[in-house]
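A.B. asks: Listed below are the residues making up each chain.
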Amino acid sequence: MSDFLQLVFQGLGIGAIYALVSLGFVLLIRAASVVNFGQGEFSMLGAYLLVVFFNILGLNYYVSIVLSVVIMAGFGLIFAYTTYWPLRFRGGLPVIISTIGASIFLQNMVLWIYGPSSVQIDGLFESDGIQIGEVFLASQYLAIIVLAAALVLLQYLIFEKTLLGKKLQATSQDKEMASLLGIPVVTMIMITFAYSSALGGFAGILVAPILFVSVNMAGIITLKAFAANIIGGYGSIPGAILGGLALGVAETLGAAYISVPYKDAFAFLMLLAFLMVRPQGLFGEKISEKA
Amino acid sequence: MLITRRAALLAAAAVPTFAIGRARAAETMKIGVVSPLTGPVAEPGRIQLNSLRIAAEKINGAGGVLGQQIELIVEDDASTNPGAVLAFSRLAERKEIVGFIGSIRSTQMNAMAPDMLKIGKPVMFGGTDPTLTKLGNPWLFRCRPNDSYSGRVIISFITDSLKLKKVALVHSTDAFGTGGKNAILANLEKKGLQPALVQGYTNNQPDFSPVVLAVKSSGADVIVSYFTNEPDCAVFARQLRQLGIRTPWVGSPSIQSPVTRGLAKNALYGTYAVADFVEDSNPTAKAFADTYRAKHKESPDSGWTYDALTILAKGISDAKSTEPEKIRAAILAIKKFNGTEGEYNFDQFGDGLHGYNVVINNNDKIDYKEHIEFTD
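Taken in sequence, the protein lines are chains A and B.
Sequential numbering of the first sequence, starting at 1, is according to our numbering.
Sequential numbering of the second sequence, starting at 1, is according to our numbering.
No lab work stands behind these hints, which were simulated from the structure alone.
Note that the Cβ used here is the ideal one computed from N, Cα and C, for glycine as well.
Every clue listed holds true.
If you want a taste of the chain B side facing chain A, the calculated C-beta under 10 Å gives, among others:
id, residue
1, 38
2, 40
3, 42
4, 200
5, 231
6, 241
7, 244
If you want the ones that stay clear, here's a sample from chain A, every Cβ over 10 Å from chain B, calculated:
id, residue
8, 30
9, 96
10, 157
11, 178
Work out the full structure, taking the sequences as your base and the hints as a guide.
C.D. replies: As structure tokens, this is what we get:
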């Protein structure tokens, strides 16, 4: 039983990481109809900024995190102006290809600046974690689960309780109508890019002490986060969270009780099953309603 | 001064002759190198390339090979199998290349081996999958001990020195890890032992908790590991310690590499590893490490590419020819040659080394424990 609880905890921890990255995907899908394959690189860049501020410049850990996230928000704007803006009237595919290109560019740029070595970085807490009975709760995983929940709550409050949130929602639901109502659609889209980039960067910062900081650190996580997005419901915020958590727990339990080498396969089998049986995902709109 | 037409013609004729003479003097002995310059294993790739350049400088400083200076032609394999195949095909197109330095990754060597057979020129490599030299491909020469030896040394060290018997084996499911697994299982069987756990995993995992819990519940008294990528080994090590497992651990060489130790820190203290390159194990390794440190301000974690180029150059010199068949015969005739990785005695299959060192990680310092050599 203790092994099962340990696995569920690890699964929730890794699932929370998928959920955070997936959330970044979803926001851009909703606001700008963009599937951003550079989302993983946002995480990688966020982690490298932490390395610069904390490991290299020796700033306070929490100050380093804040600075990294703020810079990532600014980077989101640059990303939007260079990758999305020139192609915004060309449909979805050119923008997707543009984000893939940006992702390759960012990876190679970081490789050029920092080299290929993985970098070790401290976690949020000095203690490795706490032991409850036979279950060990690693502090960084605990932090990820708690902070992911806090971010979702914050996001809910912003979207549902503030005027800015309502404007963002209106933009994501119908850009033309929002524009007619006097909502600055372009500003709303840019805010979403900045937020999505900051969120991705923060996810990278949280995961860096576990996976180490490297150019390729976000590769498999981004793929799983995208799968979580489909499982949860394409473009659905609660779907991204639940999809990520479900995927993390399912693959961890699948690995432990069925087969470790097929761990990655469980995630994608789950994705295939959803695509066949419930293509709209857990919380997605029915496809027919969109027609 | 009056220049006659005849003198001008002679001068004109002399120019191209002079140019050809210069070109001949500048001709170099070209060696193709497939190396990971980018991708997840670019870090060890950088050290291997530095070592190659040190070897080339030493050979060239001593007059080169057959009167020619060695020139390395490097292609990036991007740390992937398709990248390796592409890199080798680009090198293979260059007819002037006389031999190659292949990959330390068995999986990449397996991918490139068919093309290497077609090209028919010597390839020095470091991949440790035992089957690579048994493929019927006469052009592959290994400059590291293969995993049948690492497996034998690990099991021999566990049963004879540590006096332990219940083995939990954790291995990557790629060619390197599977080769290691097969070697461990075969050597356990020879000793009449059954493994307590055989657990494969795929590379680049963010979480090893299912593997760690499987090790925990197996009741093993020793862990044996074959990790391909350093971050995987470090993630596993940290989760192992976090879940309170202090079982003795004997790993393949990657567990003691500077990269893995830098990532895992104290989670690897007290672990044992088989290591092909250990600075303190022989004078050639010590001299090479000193040269490397003086040049690059860090210690090397392998010397196989240094040996590979040195042996290839010796093969060409001994053969007094760049004909592939003659170089091959000369390399196979190399016996009792002191390299950084140990004493090379090439066998009929192209394996140069037949033993391993065992080391222990004493608070991040790698101490040499013993060398176990096999003659059969």
